[in-house]
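S.K.: Next come the chains, spelled out residue by residue.
Protein chains: 2
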Amino acid sequence: MLKIAYLGEKFHGFAKQPGLRTVEGDLLNALQKMGYHTKIYPASRTDKGVSALSNVIQIDLHKDICRMLTASVHDIWVYGYCTADVNPRHCTKHYIYFLPGVYDHKDLDVCCSLFSGKHDFSAFSKIDKGTKNTVREIDVFHEVKDNVVLVHFVGKSFLWEMIRRCITGMKKYLCGATSRRELENMLQQKKGQKVPPAPAENLLLADLQYDFSFLLDQFSLEKMRKEFHLRFEVHSVKKVMFDSLLSYLTP
Amino acid sequence: MLKIAYLGEKFHGFAKQPGLRTVEGDLLNALQKMGYHTKIYPASRTDKGVSALSNVIQIDLHKDICRMLTASVHDIWVYGYCTADVNPRHCTKHYIYFLPGVYDHKDLDVCCSLFSGKHDFSAFSKIDKGTKNTVREIDVFHEVKDNVVLVHFVGKSFLWEMIRRCITGMKKYLCGATSRRELENMLQQKKGQKVPPAPAENLLLADLQYDFSFLLDQFSLEKMRKEFHLRFEVHSVKKVMFDSLLSYLTP
Numbered sequence: 001m002l003k004i005a006y007l008g009e010k011f012h013g014f015a016k017q018p019g020l021r022t023v024e025g026d027l028l029n030a031l032q033k034m035g036y037h038t039k040i041y042p043a044s045r046t047d048k049g050v051s052a053l054s055n056v057i058q059i060d061l062h063k064d065i066c067r068m069l070t071a072s073v074h075d076i077w078v079y080g081y082c083t084a085d086v087n088p089r090h091c092t093k094h095y096i097y098f099l100p101g102v103y104d105h106k107d108l109d110v111c112c113s114l115f116s117g118k119h120d121f122s123a124f125s126k127i128d129k130g131t132k133n134t135v136r137e138i139d140v141f142h143e144v145k146d147n148v149v150l151v152h153f154v155g156k157s158f159l160w161e162m163i164r165r166c167i168t169g170m171k172k173y174l175c176g177a178t179s180r181r182e183l184e185n186m187l188q189q190k191k192g193q194k195v196p197p198a199p200a201e202n203l204l205l206a207d208l209q210y211d212f213s214f215l216l217d218q219f220s221l222e223k224m225r226k227e228f229h230l231r232f233e234v235h236s237v238k239k240v241m242f243d244s245l246l247s248y249l250t251p
Numbered sequence: 001m002l003k004i005a006y007l008g009e010k011f012h013g014f015a016k017q018p019g020l021r022t023v024e025g026d027l028l029n030a031l032q033k034m035g036y037h038t039k040i041y042p043a044s045r046t047d048k049g050v051s052a053l054s055n056v057i058q059i060d061l062h063k064d065i066c067r068m069l070t071a072s073v074h075d076i077w078v079y080g081y082c083t084a085d086v087n088p089r090h091c092t093k094h095y096i097y098f099l100p101g102v103y104d105h106k107d108l109d110v111c112c113s114l115f116s117g118k119h120d121f122s123a124f125s126k127i128d129k130g131t132k133n134t135v136r137e138i139d140v141f142h143e144v145k146d147n148v149v150l151v152h153f154v155g156k157s158f159l160w161e162m163i164r165r166c167i168t169g170m171k172k173y174l175c176g177a178t179s180r181r182e183l184e185n186m187l188q189q190k191k192g193q194k195v196p197p198a199p200a201e202n203l204l205l206a207d208l209q210y211d212f213s214f215l216l217d218q219f220s221l222e223k224m225r226k227e228f229h230l231r232f233e234v235h236s237v238k239k240v241m242f243d244s245l246l247s248y249l250t251p
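Chains as they are written, first to last, in my numbering: chain A, 1 to 251; chain B, 1 to 251.
FYI, nobody ran anything at the bench for these hints, they're computed from the structure. Remember, predicted model here, so these are calculated numbers, not experimental data. All residues carry an ideal CB built from backbone N, CA and C; glycine is no exception. Hints should not be assumed to be uniformly reliable.
[As the list claims (entries may be wrong)] A few chain B residues facing chain A, derived, Cβ under 8 Å:
1. F158
2. N202
3. R231
4. F232
5. D243
Given only the sequences and the hints, what does the whole structure look like? Please build it.
M.R.: What follows is the structure, encoded as structure tokens:
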């Protein structure tokens, strides 16, 4: 099994699609060029736009594959390896949603505790024909960095678009458009109005927890660190640039 | 004359080029669709990648053109209007270079005072066959916002790539690769090694100063404010996301 990271904004999601750039497609291409023909079994098929620091794929190959793959793809880093022969989907997933804006801490606490625990998330998910059980148990908590709220979601399983739709519910509560009571009702009933999803670009699959660990590839880690630092710098500069532009426009 | 803003990362520079997206090209297209056939005379033909909050173009049209043009182009805002019939190039230009990193204030002061004043900027410009006089008089000063240094350049005329090459000179001094004496020498002699340019994406044409003023179009200003705010939010979120990614990777 391999541990991988990627930046969602560059891809039309994880799963292979003809004519579109996807994470699976790029990895299969790179493997093919290296002479390998294999299937990829991922832990999580993230949607279009969603980033991952820690997704896991099951393929049948040797250890050097990490640096070889990392060196031959763009915006994807294959940085961990383990020989465990298990279904990568059996793990605890940790997602982080980056929500811009300044909110009251108490309101954020209320939001997180409302969505934490065991609920029927029908109103906060997209219909998926294969899914009959819409009850999930999750843990939700938050932290604040530089006027951005990091909303953490931890659970063994999530419904389709569930986190992004929970975020929309939270935003509605935070801006006063929906009451606590209304959200509680939506988290109980199977039928009712659906909440639309918040943008995928702000969602990160931060970690997958297994009861075994991965060997980390230092070459791939170092490449990832350098490239993340460059992007951090670009966004730091652009943030200040737009802040300045806005200050010049303020009468 | 019209006052315009645009985001450099979206364009292959100001000047029209066949097959490439440019600011002049997009404006001419939009004007043509509206039934106008006119030439555009800009105050500054900014290079590929350079943004502008305040460039000025001279065209022969009526006042409503501002909102009509702003509504029909992307990443460009036409927001100011005046009837002065002068060459738009005759003005004082104010550029800002956004330099990421934390530097000593005294060192930054030394940099700015070194480049301020009247110098021969041959070593800090690209050869342009039409330019014989390479002496320019400029004013350089700095401010710091959120770990980014804003280096302000004010002058009546600049050589090709002069600001971006001055920034490279400053970076070399700030990291200790070039001494104050070496920079002083380079600012005196006509011949010698050229300094390469720093990235265009961090350079902004912030203002053009004339001895008359522009009528501002509120529709265009409001559209610009909203769109800048959205981009500010995107970069705020991405900055925090990459900061978090890096913190998870730090052993």
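S.K.: None of the hints should be skipped; say for each whether it holds.
M.R.: Checked hints:
1. F158: 19 Å, violated
2. N202: Interface hint status for N202/B: holds (6 Å vs cutoff 8 Å).
3. R231: Holds: closest Cβ of chain A sits about 5 Å from R231/B, inside 8 Å.
4. F232: Cβ of F232/B sits 4 Å from chain A, so the hint holds.
5. D243: Hint on D243/B: holds, closest Cβ of chain A at ~6 Å, below 8 Å.
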